[in-house]
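Using the hints, put the two chains back together into the complex; each one sits in its own frame.
First to last, the protein sequences are chains A and B. The first sequence begins at 49 in the numbering used here and counts up one residue at a time. The second sequence begins at 835 in the numbering used here and counts up one residue at a time.
Quick caveat, the hints were computed from the structure, so don't treat them as lab data. Treat each hint with caution, since some may be false.
Said to hold, decoys possible - Label pairs and their in silico Cβ distance ranges:
(1) A:GLY179 <-> B:SER890: 47 to 53 Å
(2) B:ALA937 <-> A:LEU176: 51 to 57 Å
(3) A:ARG147 <-> B:LYS1075: 56 to 62 Å
(4) A:LEU192 <-> B:LEU876: 29 to 35 Å
(5) A:SER214 <-> B:ALA901: 39 to 45 Å
What the hints assert, rightly or not - Computed, partial: chain A to chain B, Cβ under 8 Å:
(6) LEU76
(7) ILE109
(8) ALA121
(9) VAL142
(10) ALA178
Virtual Cβ for every residue (Gly too), placed ideally from N, Cα, C.
Letter by letter, the chains look like this.
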Amino acid sequence: MAFLEQSQRILLPVNPAYIALTLVLALLFNLMPWRDVFWLPDMLALVLIFWCVHQPRKIGIGIAWFLGLVMDAGNGAMLGQHALAYAVLAFAAVGLHRRILWFSLWRQAAHILVLLLVGQLLMLGARLIAGAEFPGFAYFGGSLIAAALWPTATFLLLLPQRRPESVDRNRPI
Amino acid sequence: MDYQPPPFFSRGPAPLVRLAFFVSLAVLLMVLDARFRYAESLRQVVALLVYPLQRSALVPVELFGAAAEFFTTQVALKRENEELKAKRLQGANELLTLEALRAENAQLRRLLDARERLGVDSALAEILYQVRDPFSRKVIIDKGSRQGIQAGQAVIDDIGVIGQVTRVHFLLSEVTLITDKDQRTPVQVVRNGLRAVAFGGGDRGTLDLSYMAANADVQADDVLVTSGIDGTYPAGLPVAKVSRIERDPAYAFAKISCIPTAGTEQNRQVLVLSSEAGFPPLPAEAEPRAGSLPKQKRVRKRE
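The shape of chain B in the complex, shown without the other chains (with noise of 0.2 Å):
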């Protein structure tokens, strides 16, 4: 015969019962979501049921920023006029010399039989906030899977990329920026060629083309660009800069670290590129690869 407390003293199972259970739950989470990415339909859920917690959480923020639009001086607009209009007469000049190039590039890549690169779709969206996750370096932007955003689509600012569509809710995505620890970016130099992967270095701000043999033609200030080879990126993007080399004989590597050419923390509007301006599908993958490259050279040797 065994004594139980009366039903009116009962509180459930034991607490140490109820947190065995729950950090069993957690881990299992954990261990979905990280190695096997199985979690993603219960993160869609919950996710849309912050959403509107989410928005709120702006609101202030929002409030904020407008109070100080409201109060910005007249010598402030001024000044940011004239700035603007300098800038257009100098963007006039190398807009024309643009329109020519495209027009003989046009010609040429017809001439040469070649497939016409496709004019990239693009959305326009804007960066709600960065993620408060001190592991890792993302946004979050306010475009979805309802607007046709996907997962693996690049992001781009005004001058360059600043990272890629990692995650896509129905109402926001996520992206990683390319200073990510986590995030490779494939790049080309454009000075000669040469391709290679940018590596994020996560704090620092800054990337790293890791796997470069000590000799490689790589010099400071060299600009990366995308090399457009993987089908994700459209080719040509400028990504980072060559900021500081060493080539240490004892390794087999060179240590060559750059700084990314976007505003990766500071632009609020960035433009989602589509990834559909890629390649034929993979059986056909040896042929267009081999042509591609060499007729980039040859666009980048007349700019």
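If we strip away everything but chain A, and leave its shape as in the complex, we get (with noise of 0.2 Å):
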């Protein structure tokens, strides 16, 4: 019997809008103008896995393929070439729910990183068959600092649904 290495709280349920806020402000965050910092991580990758794994009932492929789309076109990059990997992340992310909550956070963070390189390769892949340079491998460190940002990351977009049910202002704590 393996143990959970974290306590298990009841957590709240959680709000849709909610996800559907901390998406855009990932995408704004990937919209914004970074000029030639190829190493960024990929926020809106990251908060979408974290969605899939956490939510796989609410979010799921067909949204992480038009956020793809949507990645694509305000980015100038070939059509489809974020929706394909989104697509595929968004699948692997909810295939693997159930094993990877199984984790600690920093585990949780290694198969994250797999699941984003994967990405990252399709993106590659793709963009070296259409006729591309490869850019460095420098490339590959926007997965690197995405995944050690995952304990951040569950921290904060967990919050809302930590807070207590009712508030007792009587409660010492």
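Set out below in structure tokens:
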């Protein structure tokens, strides 16, 4: 019998509007002008994986595909490139969600790193077939940073679900 | 008799089926976009949807810029003022001679019964951001088809060509820089009028003159300008300066790399030139082409 390495508290049900808000914020981050910094974490992919792992009934392949399309159009990349990567990411995340949540946060991050790298490899392959040049290994740095942000992202994205259901002003804590 | 789960457990098609559907849709889009360029209308629609998001993503950056500008010290402003004054004095002299040259040029052209070069229309645009795509070098500018921008127009800054409009959305357009790997610029060596094609160098931020014979008359520090023979770029805009030449007898072609003249990565304000200054329609192609090159040479000798 494996032991859960973190205490499992019962969370409040998630608010769909909050999921949408976090996805839009991540998209905004990705659309910000970052000039030549290619090793930036792909925040949208990270948040997408998070919701696929924690709320697989609400966020799935279709939404991921559409967000990928938006990324492609917003960045002038080849249409369908991010859509393909995000759809595969969402499929893998939904398929693995029961396994991933069993681990501690840093071990979860290792899973996420593999997922993100697979997504990047898919995009790289698509672009290489279409005739682009290999942009250098710094390209994969973004996935490392994004995976390192996983514990922080988990903490922040679960905050609204951790609120006490009823506030008792007389309670000391 | 088959057993199906009751409808309240139904969750639509199996994940693998869904994945196959969306992956094939994505692959189809990629093929349509990269190979046949059929997906432009879909891109236009999605781009229009993303437009408000793109503008709001720029807000924090602009706020930061405004704050930084507010705290510019007086010393910096004063120094900039002095520099500008000195520059204006230097420029005034050249401006006067330019005026005279222009008049003389116009007269000579009329004498030669030459078609007058049309004044090129231009639109001022601002670079919003560099595209976050490590595979290409593109920027987004804040003018689109609504302001009359068309694909194929040349984009310059105050010192030279920076690129070409390659895709036009309703309110934005995408400019491919001359250093992009897939971008070609027709150029001409100012010193001797030799024509060539400059290929973008991709990641290195340089340009290459490919397919030039090993003994081609190109020297280091040669200045390259647009030749204008394609009818897309106006002639005579500075493009690059030759930085390094390798002539290896083992190869038929010399390896020539150049540094772009314009600040392809620095400036924010750019000018989009309309391409209508071009040439008469194709049937008359042979005659004006033969005539236009010597004329340009003559102009250049006088400078």
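Hints, verified against the model:
For GLY179 (chain A) and SER890 (chain B), the Cβ-Cβ distance of about 34 Å falls outside the hinted range of 47 to 53 Å, so the restraint is violated. Between ALA937 (chain B) and LEU176 (chain A) the Cβ separation comes to about 55 Å, which falls inside the hinted range of 51 to 57 Å. The hinted window of 56 to 62 Å between ARG147 (chain A) and LYS1075 (chain B) holds, with their beta carbons roughly 58 Å apart. Checking the proposed 29 to 35 Å range against LEU192 (chain A) and LEU876 (chain B) shows it holds: the Cβ atoms sit about 33 Å from each other.
For the pair SER214 (chain A) and ALA901 (chain B), the beta carbons lie near 43 Å from each other, so the given range of 39 to 45 Å is met. For LEU76 (chain A), the suggested interface contact is upheld, since its CB lies about 5 Å from the closest CB of chain B, less than 8 Å. For ILE109 (chain A), the interface hint holds, since its Cβ comes within 8 Å of a Cβ in chain B; the closest pair sits about 5 Å apart. Interface hint at ALA121 (chain A): satisfied, since its Cβ lies 4 Å from the closest Cβ of chain B, which is below the 8 Å cut-off.
Taking 8 Å as the C-beta cut-off, the interface hint given for VAL142 (chain A) holds, the closest approach to chain B being about 6 Å. For ALA178 (chain A), the interface hint holds, the least distance from its beta-carbon to any beta-carbon of chain B being 4 Å, beneath 8 Å.
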